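Asker: Residue numbers (my numbering), protein chains in the order written: chain A, 2 to 315; chain B, 2 to 505; chain C, 177 to 540.
Fair warning: there could be bad hints in the mix.
Unchecked claim - Sample of chain B residues at the chain A side, in silico, Cβ under 10 Å: (1) S72; (2) D75; (3) G80; (4) H85; (5) N92; (6) G103; (7) E327; (8) L331; (9) F438.
No lab work stands behind these hints: they were computed from the structure.
The model shown is predicted, which means the values in this text are computed figures rather than measured ones.
We put the beta carbon where it would ideally sit given N, CA and C, even for glycine.
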Amino acid sequence: MADWLDAASITDMLRTSLRLMIPIAYAAMGGVLCERSGVYNIGLEGMILAGAFGGALGTFLTGSPLGGVLVGILLGMLGAIVLGVLSVRFAVNQIVCGIAINLVIVGLTAFLARLIFGLDATTQTLPGFSAVEIPLLADIPVIGPVFFNHDPLIYLLYVISPSLFWLLYRSEFGLQIRATGENPAAADTAGVSVFAVRLMCVTLSGALAGIGGAYIVVSQVFVFTEHMSAGKGFIALAAIILGRWDPIGSVMASWFFGFCEALQLRLQFANPEVPYQVFTALPYVASILALIGVYGRFKPPAAVGIPYRRESKA
Amino acid sequence: MSYLVIDGISKSFGAFQALSEVDLHVGRGEIHAILGENGAGKTTLMNILYGLYQPDKGRMLLNGEPLHLSSPADAIKRGIGMIHQHFMLVNSLNVTENIVLGLGQGLKSIDFTRHEARIRAMGSEFGLEVDPSAPVWTLPMGLRQRVEILKVLYRNAEILILDEPTSVLAPGEIDAFLEGLTKLQKAGHTILFITHKLEEVMKVANRVTVMRQGRVSDELDASGTSPRELARKMVGRDVAMRISRRSRRIGDRRLQLEEVVALDDRGVAAVDKLTLDVCAGEIHGLCGVDGNGQRELGEVIAGLRPLVSGAISIEGARVDGLSVKERKHLGLGFVPEDRQGTALVLDYSIATNMVLRDFNRPPASRRGILDLRRIAHDATRLMQRYDVRARSPQQLVRFLSGGNQQKVVLAREIDGQPNILVIMQACKGLDVGAIEFVQNTLVDLKMAGIAILYISTELEHVLEVADRVSVIFRGHIAGTLPIAEADNARLGELMTGAGADAAA
Amino acid sequence: MERLVQIAYAGRTIWAVLAALACGSILFLIAGADPIKAYIALFGEAFFDFFGFGATLVKFSPILLAGLAVALPLKAGLFNVGAEGQIYVGALFCTIAALFLPFLHPIIHLPLCILAGALGGALWALIAGWLKAYRGINEVIVTLLLNYVGINLVSYAAGGPLMEEGAPYPYSAEVPEGLHLPYILPPTDAHAGALAGVVLALVLALLMRYTSFGFAILTVGNNAQAARYAGINVEHQILYAMGLGGALAGLAGAFEILGLKYRLFHMFSAGYGFDGIVVAFIASANLALVPIAALFLAGLRAGAQLMQRAVGVDSTIVDAIQGLVVMFVAASLAVRFADSRWGKAMAQRRANEALVASKELKHG
């Protein structure tokens, strides 16, 4: 049997999956909020990329990865605000806006990266986060190394994901989000500001995707490269569906995709005779298969994709 | 000085002037009926009073203070609540969640136990009992209305606006509902009550405002008027609906349904072992409270919704394996309930909509090529014959009135020379003139030997033309009565399921 | 007067493009270059220089076809954002047909290669189409994800089974000379694919307007529920629209192989599939306008190199400008004539006229 099936390897695989899922998981949680409020966020891919660029820029300017994360959040939010204003306030088709956001960010970050970091940017690495062991918890076998020996952004995820769950199902604002995504007219007549709720959710989703993007730079590769989001935002869209539009479910689904990616790396390394493209395509194929697998079982929020306009007569 | 004053409100949607210079005065604690035909602007006016629409001109005063409403949230703050005709409930949420939605802002936890207890107490106080933890989609329309009213009361509204509240009720339930209104009045609420039914106005209203074509035609005391006078003010002329009721020998059975089962969009059996037939030369009316499977029934007959079990036959031959198109070619005409969403493509011209169901065969197209000139020419002919008022056959259907849209649909379905016509909500949203036209057209078709299934929630219109009336309740036929025996009391029992055992 | 105002609104796309170019000039200024000089270099090279225009036409062919591949499904209300992947798979099928079919006369072989390209693109798009029609799975996500799979597939083929022996990096053997598309502007590289694209755009525009086939697709795009009521098989129209769209992208791939590259390279498409989305937006999915939008974008791309040499700004600025164009075009969709102050005033005037006319009718 293959030598990667022993306990140490499995621990290592799970740990790697967790690390690889982070950008997808943050983006997917943002997407969950966004879609629960009734807005498709095809622009997650771009917002991850903006976050990554911000992560590099902030770290470059401040010399600290924390600065990178903050700038990443800001840029992710900026992209999201553009999406929000156009698709929520001006009722432009949400998919059109999302695609537009992606293309703008791809173009702008490529250009600005050349301008700011110069052509040899890929050779200079930036400072980043390193793993912080959590005392006691990190000593538990298997669970310790898998979950409690990571950098701060992973611990932040442990906090954010249940907080979002509470927000969505227990809080006043969460009730407003769910109502807005199912029936905006009903929410409006109940005194909820549909625009404000949606704009807020879109903006938050941009911030979360921005953290996910910044993570790639400050915790994984320590450098910005063009289009380094590489479809993670699209996989996040699949994770939202697979996670049933739930903040915790979507993180679980993201872990599955992270696992596919970890498996891909492992298999590629272990089987040099098999063409590597088979493995690089794996996460994308897995996403499509997952969508097919959950077909018909989960229903999206009823009003997702439909701009709300009050006076829609004539 | 009146409690609530609406002063010179005007509102237009694009080229359509919905309200012009409307005035309204409501005294504190009165039940004030807003009476008018469909399209008179009643709902638009109330939506302005609830902050949903912004007026182009005019002002409103509450207790002598100016009332500026930029959203329903403002209206709620000023103690105004509205119960819409199409309920504004989030179906996937439960009753409590719907009621407390929007009450608090921000990142606080919601104390559902406390709210549920309060909702229960309030329900029994006003005779509006409902299970606070039930998801809204499981509730019948009557209970959803209770939720809507509770939602408004829960916000401590002083002014209650009710838009056609009795349209979802069976005849027997209406009296109890109207009594409920007086109870609310006694509890100190001011009630604005939109309706087009005169007898309801006479029963409960203190004052009446009559609207016609976006204007107030009169405001008067309910006690000092008569239904006849109100009707004249509402329509602008003496209304004797000129519907010529004729009957002929009933022919063979044309359409037959046996134990038909069909699911709604949630996968619940909405049509449940329904058996029914329609004969040549008769209008078979099918009435019932909204949401008892009418929509699904129409769709399953037309072939738009899969048949789960049972049989549908046209002239004795099974058709349930056939497509929409094949059923149409067998002579099945269908006027769906959802005029704007299903029957028409709003952004197509009148001419194109006229050939929507026959675009791929002559004369509209030959060998796959559309004959645009012929299509326009035929449309002009049909527009004249069916009195569709528009500038040209190239005008987009979106910009036609409800009545003219309905005429386009009718023209298309009748011009296809059906043997059987299934027509849903034929008169919904039409003014008196258009209703007269539609009803008379249906009688003419019947006299020509066509079998008509007339599915509607508007009982009064069904009774005007039907030869037999069946009642649909929870997806099956609760009973069938010849027109002579179909009175409100019997039908009302069947519609609420009370008489189901007796008639079955 | 009314017409004039309406035209100003209809031309909002042009305003959007101009606004994007204006924003782009800010980027030039940030990069320390003179924007006017840069644009003159860019568009001068692309449209007013013989070789430059040839280069524009070379890019015009795939961008136009990819634009059609996005715009046509949009008519049925479908977002085909997978043209890039379809281009790759089309090119792969075309290369296989060119290299592995037994010897045939080029007159038969060439059309077969082109058809194989179309077929490859169509099949790739039909995966998403089928999932949308019969499983209700969002076509946006599926087509986006299939892009990555398609690119990897070609990467594998060009570096594996199809790789020419002894090649320094992944590419296939050269297709036989008889299968090369004719040049249209020698000695530049512009090939017949550009002309074929324009002809296809016009044919498709006519097809959508004058045939019952096009009518069925349009009706599904306008109101799927009404289309079902009209007796149209909605699922089939989704398949037709996606299949046709994919076929057009596949053609783009085939023409790239047969007209320009003559070999299947890995990563050979410079994001033409994404340019197609931009083109379809600019043309607001109007098939007859797609060639014009494609020409503009092809010029932008082709001129980028010379602009880089002329003013020393990295050519990736064109990606940024292109993104801005999409952004502004999307934003311009927010401007609706009927909602504007002008639109309301005009509507009011028309209503008054109609009122007067109907009164005259009654009295007269």
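Asker: Would you mind marking each hint as holding or not holding in the structure?
Answerer: Hints, verified against the model:
no.	hint	in the structure
1	S72	holds (7 Å)
2	D75	holds (9 Å)
3	G80	violated (12 Å)
4	H85	holds (7 Å)
5	N92	holds (7 Å)
6	G103	holds (4 Å)
7	E327	violated (27 Å)
8	L331	violated (32 Å)
9	F438	violated (23 Å)
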